[in-house]
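**Q** Starting from two chains that each stand alone, build the complex the way the hints lay out.
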Amino acid sequence: MTVPDLDPVIHAQARLRVVATLNALCEGDQIAFPGLKDLLGMTAGNLSVHLTKLEDAGYVEITKTHKGRTPVTYVALTRRGRLAFEEYTVAIRALLGGDT
Amino acid sequence: MDEEDLSPAEMLRLIEEQGAAVARRLQPDPLVMYAPWGVAWLVGFGAFFLSYGLDGRPVVPISWQLALAILFGGQVLAGAFLFWALRASSVQVRGESAQRGMMYGYSWFVGMMAMSLIVGRFAPLLPRDQVGLLYASVSLLVVAILYMAGGAVWREWPMFFIGAWVAAVNAVGTTLGPGWHSLLISLLVGGGFFVAGIVLRRRG
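Keeping their order, the protein sequence lines are chains X and A. Quick note on full-length UniProt numbering: the first sequence kicks off at 1 and runs consecutively. Quick note on full-length UniProt numbering: the second sequence kicks off at 1 and runs consecutively.
Only chain A is shown next, with the shape it has when bound in the complex (with noise of 0.2 Å):
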């Protein structure tokens, strides 16, 4: 290899496709990052939609514990699948930037948990539809924070406008109530997910 006789011109481009291709390697890939929560929460909360209804009457005779399963088991296989993914294609690398995902991932975990201890105290004293609505209402609260504050974490303005939109369409739908809430997070939120996770991975 006759290293020495690149040009500065090349030398820069080199300097630039390598820099490129590591940023691409050590982000993970958003329709990973994105689509298959979008999955599980469009089909879930589109399972309670049709579980409420809009007045009251359900669209489809589903039961709340059916649909619960189903928001459940989907989310469980969206974050086997992220765990699975991230695994795979993960760079080892370790120092600050490990030591701030791994942070961050547990404030998900602490967060969840301390959620729904809170909700858990207050839930028996309310009706059924309105027990669903507080534990989906609160829990997508915390994924809206979460969400944005990853996105100042790492600087990722997309990451930051997905959290600020949860929490906008949460906001919304909890004042409407349960068949609302349902539909709007499943059409909107889950929908959202998805298409975020194919139009940023077409970007990046």
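The following block holds chain X by itself, in its conformation from the complex (with noise of 0.2 Å):
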């Protein structure tokens, strides 16, 4: 069996959760910061670190705005961040022997 190379950026546990939290968003959708927090019921400051590491990888979009006046934090995939989570869970399968 071919065990083909898995992206170490979303093979983290942590990575591979928020991940497919946002690939389970519409095409176009972008998740507020404490939603996004509250679904993966993680500590904000961890979520920023597993945030900033996909985004410079470029799976991951990040949009600062503002409500009135208070700041809000957009989070989405990018097309880039989409695709390599299908990679990834295409490659996931093969390893199991699926045959998708």
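No wet-lab data here; the hints were simulated from the structure. From a predicted model like this one, the values you see are computed outputs, not experimental measurements. Check each hint, because a few of them may be wrong.
Stated by the list, open to error - Which bits of chain A does chain X cover? Going by a derived footprint, with three or more residues having C-beta under 8 Å, they are:
hint: 1; region: 8 to 14
hint: 2; region: 17 to 29
hint: 3; region: 91 to 97
Unchecked claim - Computed beta-carbon distance windows for the label pairs:
hint: 4; chain 1: X; residue 1: Thr-73; chain 2: A; residue 2: Ser-63; range: 50 to 60 Å
hint: 5; chain 1: A; residue 1: Arg-13; chain 2: X; residue 2: Thr-73; range: 21 to 31 Å
hint: 6; chain 1: X; residue 1: His-66; chain 2: A; residue 2: Pro-124; range: 44 to 54 Å
hint: 7; chain 1: X; residue 1: Ala-12; chain 2: A; residue 2: Ala-20; range: 14 to 24 Å
hint: 8; chain 1: A; residue 1: Leu-86; chain 2: X; residue 2: Glu-55; range: 24 to 34 Å
hint: 9; chain 1: X; residue 1: Thr-73; chain 2: A; residue 2: Gly-101; range: 14 to 24 Å
hint: 10; chain 1: X; residue 1: Thr-70; chain 2: A; residue 2: Val-195; range: 36 to 46 Å
hint: 11; chain 1: X; residue 1: Val-72; chain 2: A; residue 2: Arg-128; range: 25 to 35 Å
Just so you know, even glycine gets a beta-carbon here, dropped at the ideal spot from N, CA and C.
**A** Following this line, the structure appears as structure tokens:
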């Protein structure tokens, strides 16, 4: 069996969960940081660290904006991130011997 | 945390669980979406049925004004509850799906406004019980079409079929007359929404 290379950026449990969550949003949608934090059950600090890594890899796009006077941060998966997640899932399935 | 030590099977399970958890959080609870309207219509159209009777004699002497107040009051309560519930449970997402939801929301508003202007133009020409039937049947037609359209937008077959069901019951009830229309809408649409909310909640 050939073992495909697994994407090291995604191949960490926490980041995989972040990417899987963002991938479940519709394409073209952004989620507010607190909402993402709730969905993942992570601390803000922990999530920030992982998001930065994902942003550096070009997988995640972070938009900082204002709602009234309060700053709001929105997070979305980039097209590249979506593709990387898809490839990662395919690779995992291949490792498990599935045919997709 | 020994993060890197998951087996591929565990990784895959993690991906699937997370995807399902997000879908659950982002989709509104069907019980909240359907049951309040179901109760409002069951009671409101039930009151109209009692007021009209099937053969023109009231089953219980309720004035049409009181029946209308019950129907309207129930709908206002259902709408307020839905708004509150969606607010409370909504995760802040912006982008294409939020725009889709907003356009869909405005469709209800515009559709109902246009409906009441159009029906209002013809209402004075009809006997009173027929006026009630005209308002009820045309507004339920708007409801039916918007549910079907909503089903198409979100690819939700249950929502589409519920809309088609409303259209069918509404059409049949209208041909039978005001008393029958109220009875069928109360039981089959009002009761149907209530049951649909419970069934969809259990299934989801």
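**Q** So, for every hint listed, does it hold in this structure?
**A** Now for the hints, and whether the structure bears them out:
1. 8 to 14: holds (count 5)
2. 17 to 29: holds (count 7)
3. 91 to 97: holds (count 7)
4. X/Thr-73 <-> A/Ser-63: 50 to 60 Å: Roughly 56 Å apart at Cβ, these two residues keep to the hinted range, so it holds.
5. A/Arg-13 <-> X/Thr-73: 21 to 31 Å: 30 Å, holds
6. X/His-66 <-> A/Pro-124: 44 to 54 Å: 52 Å, holds
7. X/Ala-12 <-> A/Ala-20: 14 to 24 Å: Holds, since X/Ala-12 and A/Ala-20 (Cβ atoms, about 21 Å apart) stay within the stated range.
8. A/Leu-86 <-> X/Glu-55: 24 to 34 Å: Because 31 Å falls inside the window, the suggested range holds.
9. X/Thr-73 <-> A/Gly-101: 14 to 24 Å: 22 Å, holds
10. X/Thr-70 <-> A/Val-195: 36 to 46 Å: 43 Å, holds
11. X/Val-72 <-> A/Arg-128: 25 to 35 Å: 53 Å, violated
Of the numbered hints stated above, the single one contradicted by the structure is hint 11.
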